Structure formats: structure tokens, C-alpha cells
Amino acid sequence: MSNRFFQLASASALAAVIGIVSLAQPAAAQTPSTKLLAAKEGAKDGTRAWTPPRTPDGKPDITGIHSNASVVPLERPKDLGAKEFFTKEEADAYEKAAMSRHEVVAPGTYGDVHYNMQQFGLEKGQTKVAETIRTSLIVGPEGRVPALLPAAQARQAARQAVNKGHEFDGPENRGLSERCILWPNEGPPMLPEGYNSNLQIVQGEGYVAIMQETIHDVRIIPTDGRPHLPPDVHQLMGDSRGHWEGNTLVVDTTNFTDRTAFRGSSENLHVVERFTRTDPETVTYQFTVSDPSTWEKSWSGEVLMTKIDGPIFEYACHEGNYGMHNNLSGARAEEAKSAKK
Amino acid sequence: MVLLAIFTAAIPAAAQNAAYRAPRTADGKPDLNGIWQALNTADWDIQAHAAAAGPAPMLAADFAIPPGTGIVEGNEIPYLPAMAEKKKENFQNRFTADPEVKCYLPGVPRANYMPYPFQIVQSAKTILISYEYAGAVRTIDMGKPTPAPVDSWMGWSSGHWEGDTLVVDVTGLNNKTWFDRAGNFHSDALHVVERYTPRSADTLMYEATIEDPKVFSRPWKISMPLYRHVEKNAQLLEFKCVEFAEELIYGNLRKQPKGGK
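Just so you know, the sequences run in chain order G and F. The C-terminal position of the first sequence is numbered 341 in our numbering, with every residue numbered one higher than the one before it. The C-terminal position of the second sequence is numbered 1261 in our numbering, with every residue numbered one higher than the one before it.
In short, the hints are calculated from the structure, not lab data. Keep in mind it's a predicted model, so treat the numbers as computed, not measured. Errors might be hidden in some of the hints.
[Stated by the list, open to error] Straight-line alpha carbon distances no greater than 27 Å define the calculated DSSO-like cross-link-like pairs of lysine-lysine that follow:
hint : chain 1 : residue 1 : chain 2 : residue 2
1    : F       : Lys1176   : F       : Lys1087
2    : G       : Lys59     : F       : Lys1176
3    : F       : Lys1144   : G       : Lys59
4    : F       : Lys1125   : G       : Lys307
5    : G       : Lys96     : G       : Lys59
6    : F       : Lys1029   : G       : Lys59
7    : F       : Lys1255   : G       : Lys164
[Said to hold, decoys possible] A few chain F residues that face chain G, going by a derived Cβ cut-off under 7 Å, partial list only:
hint : residue
8    : Asp1027
9    : Asn1033
10   : Tyr1104
11   : Leu1105
12   : Val1121
13   : Ser1123
14   : Leu1128
15   : Gly1135
16   : Trp1153
17   : Met1154
18   : Glu1238
19   : Lys1240
20   : Glu1246
21   : Tyr1250
22   : Leu1253
Just so you know, even glycine gets a beta-carbon here, dropped at the ideal spot from N, CA and C.
Construct all of the structure, not just a fragment, from the sequences and the given hints.
Written as C-alpha cells, this is what we have:
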């Protein structure tokens, strides 16, 4: 509790600066996890005849406060090749190493003036992380995001070129996360963040609501079969529609903006997510991402959400965005200094 | 008939429809699920006010301030004398000092009467209220009430049922939000008790008691109906207003002339 309390108190102040870190190092790549396999093995040998719970109105119950923190990276390290799963022993050793990796805070370095997330935040070393034997969140033999199509590479290059040399001109020149508009964990697909990977799912009749702590946006997913928004209405987090397939909530999201740019995507990004409670403590989250303007083929991943005590705290990112002020005023000060020379 | 009208005006609006029984959720609670919105001008000023010019003459009639009869019971806000001065100062600076122009989280009760819809997603243990404005959100824990662990913009909400009425006790609110665009304000001692009472299939009565001994000499009340969005395609859309407020907040820090994207 004391950790969580401290983390909240400092969350607003931290928000902006951490945005910068997220930009440099995509959050999804920092973290990870899986245990569906264990559940499947249990199911196979018949030792666990487990019936997932239902809500009072008879829908599969995926409610609760969950963490999707993970020690496994989104993309498989190249030296692991096509090895999709560790043995249990290898996974334990990998997790132990990942959890004990501490931030290096050498005097006079960037780390020295930046917040130490083990001290001021709730990074993955301090939170509950689902056990997994996966070697990457991306499933399949490749385990990596497919290469960008040539047109997508050109689009990405153009996006970067327009801002080159103007990175600190004004707020619009900074990234969406640093501006507290959209964080990479929010998705969809919802991926683990470097810290505060907490979310709460609430089910009302006809709707599923997902509130992510970072940065407090709520996804409200209607399950009443209504069509998507008209195609010319775009949203940063797209437009989600859900339906139930057996014990699984399936969510289809389209209508993204070009600015969402999920790993280079266009506004044609299409995400399908599947939420399944696979044991009393776990919701298995699977996603498939496609965008014919960006990748030759779709790609899929799996993240385990594990039950935590909560509560979810308010992440008032924009309200505490001192980092934006400091970055811009720092850049103006630098300019004034060079003008004097 | 006249007598009856007077009598009716004196009793709380929610009690007028005591005969109405709300539909139930599958677990037997009054069903508040839905997309709701206030239809009044309290966000401009919670007290009665005449129409007035808006902040920017170039925006002409579009951004004029719409009139309204107010939501404050008795129309009087019992400010302590020094605090009444502070309210006047806020009013003078309202077009730049109101947290809403900066796209900051709106706090409670203001979130409920902004000119944007909000959605109640109700489960047995948790009632989530998602607001279109700024993606604001609060969760109401229906279990044993717990103290606020720390102050926040949207506060700490503990709920329980009294008959058909959802009663929410809100504490842990910070001192940075206002009640409206007219500069009505509070301190971090704010304590709000909200009552949501179904009054017909598509309306709720919303009442809130406001208590803040640092700012007001006594508790006071607001009340208003909330209306359901009955259109089939009703849905909360993104209103991520940060980027609309960046010029106001960071404009003085821009490089001139501006380049890049």
C-alpha cells in the first residue's frame, strides 16, 4: 500500500518526463508474460474441470482489477530464433533475471536526474507478473512484428522528416505520449507498460468498460451488435465493437486515425482482441493486428492479465505535465544562449 | 391546486416520483446503466444567470454564454466573506483560469452537468462512470466504504443503495477544480454526497449536497434531472481536449516562427 500511495502522489509529476522515456523505448518492448499453456495442460489431462464464472446476466465474467505487466518482450530476441516457449526452468531463470534487473543510476548520467521507477513508481519488479513460458508476446515461429511494406516505410520517413530540426518548436512537435494525449499501452492492442500496467474491467448489461490506469482513458465496448461508426469518423483509439463467443469476449476495432501510428500503422489499422478468463486469477488476452497499408500479413500476440488487489489510482497525466513546460522553456533558453554567442 | 403546487415545490424533486420503481439489473439493483446528460447551462454558471457575450467577439453568437435558471437550491451559495472575494477574482479571470479551458479533469459534481454525455456502466461491485469530456472517469466502489488514500481530481467514491437511490459519498477531492465557468470554487475539504434516483424510464434525479467548511458557512444543495440518450447510435466519442488547450497553456513557450508538423 505504501508503495502504491507514493506512486500515486508522484504520478502526476512523473507523467510528462516518463513520456519521453516511452518514446525512446517503446513501452511494449520493455516488458511482458504467459500461462495459458499451463491452463491448457491442466485441461488436457483432465485434472481441472473448471467452469469460468458468469455475471448475474449470464455473460462470461472478466471483471476485476488486473495487471498486464510482463517480463517477456513484445518481440522475441533474435538469438532465440523460432523458439516460442521456454521450458519451465528456463522461464523461471529468465523471469528472475528480468525482475532483478535494476536501473543503473550513475552520478551525472541521465538516469541520475530521471526518476528511478523502482523508487518512485510501481514498475514490474514490484508488481505481480503472470507466470509464462513464452519467449515473446508475439506468437508464432517468427515472434516479431513483420517488416513494414515499402509504402509504410516511406510514410514513416515522411512523418519523421517533417519534424526534423523542429523537435522542440512547440507542443505539437512532441510525441502524443509526452503531450498526455495517447500512451502506447492504451491500444488497442493493449500492451504492458514499463510501469503502472493496471486496468479494471467493469461489465454492465450490453457493455464492457475497460479503464487503464495509464492514462485513465476508458474503452467502452458495446456488445449489442451495432455497426461501427461511419468510416470517415476517426479516433486515436479507434471504435470498438464486441460480441461473445462461448467464454470469450471478441472485440473488433477500426476507425483509427493516421496519427495513432501503432508501430507504423495507417488509419486502416484493424485490431481484433479476445478476452478469456482461463483461471480464477487470469484473463488471457489475445490480439491480431492487420493493416494492408502497413504490413504484408497480420500478426498476433498474447498477454496474460493477472488479478491484483488494486485499487486503480487516478493518473492525471496532462494536469501534471511539467515535462512539456520544461522541455519547451529549456529549448527557448538554449536558443537565447546561442543567439548571444 | 395552487396549494398543491406550492407543496410540491417544497419537497425534494426525487420524492415526487416515489411511486416510480426503476427496472432492475439481473442482480436485483435499480438499473442505472445508460448514457446520460444534463440539459441545463450550469456548467457556465451554477446560479441563475442571464445571457452574456462570450470571451471572443470574433466567435460571435456561437460562443455567447447561454442563460439559465441555475441548479443551486435557493440560488444562494453561502461563501464565507473572504471566499466570496476569491470567487469574484476567479470570475474576472475565468476565461483563462477555469480548469476546464485547460482540459483538466473536472472533479465532482461538475462532471455531471458539463455539456457532454457520460455513461454509467453498472456491475454489482463497481459502478463506473465514464465522461466524454477529457476521458474523465470515476469508479464507485459498492463494498464497505473506504477512506480516500490520497487527493485526486475526480475524488474517491463509495456508494450504497437507499431504496431506488444510489447514494455516493465523495471525498479526497483536490482544490484545483471549479464548479463552473463562472469561478465558483471549493477547497480540498470538499465533501460531496450525491443521490441518483430513477424518476422515469429515461430520467434520473441528481442531487448533491456540498460541504466545505473552509469555503462555505453551511452545506448547500444542487439538483437537476439527467436525461437518457435514447438514440440507437448513442455512444461516447473521444473528446481528448489536451491539444485544444496547448496554445493557451504552452503558447508563450513556442519557437517563433513555428516549423515542423
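Just to be careful, I want the Cα atoms of Lys1125(F) and Lys307(G) compared with a cutoff of 27 Å; is the pair within it? holds, 15 Å
Holds or violated: is there a CB of chain G closer than 7 Å to the CB of Glu1238(F)? holds, 4 Å
Within a Cα-Cα threshold of 27 Å, do Lys1255(F) and Lys164(G) meet the stated pairing? holds, 14 Å
Is the interface hint satisfied for Lys1240(F)? The criterion is a beta-carbon contact with chain G at less than 7 Å. holds, 6 Å
A closest beta-carbon separation below 7 Å is what the hint needs, so does Trp1153(F) meet it against chain G? holds, 5 Å
Hint check: is the beta carbon of Leu1128(F) less than 7 Å from a beta carbon of chain G? OK, holds: Leu1128(F) within 7 Å of chain G, min 4 Å.
Leu1105(F) as an interface hint toward chain G, with CB separation required under 7 Å: holds, 6 Å
Does Lys59(G) sit within 27 Å of Lys96(G), going by the straight-line distance between their CA atoms? violated, 37 Å
27 Å limit on alpha-carbon distance, applied to hinted pair Lys1144(F) and Lys59(G): Given pair Lys1144(F), Lys59(G) holds - Cα atoms ~26 Å apart, limit 27 Å.
Would the stated hint for Asp1027(F) survive a check requiring a Cβ distance to chain G of less than 7 Å? holds, 4 Å
Is the shortest C-beta separation between Leu1253(F) and chain G less than 7 Å? OK, holds: Leu1253(F) within 7 Å of chain G, min 4 Å.
Interface hint status, Val1121(F) versus chain G (Cβ within 7 Å): Since the shortest Cβ distance to chain G is 4 Å, the answer is holds.
Of the numbered hints listed earlier, those contradicted by the structure are 2, 5.
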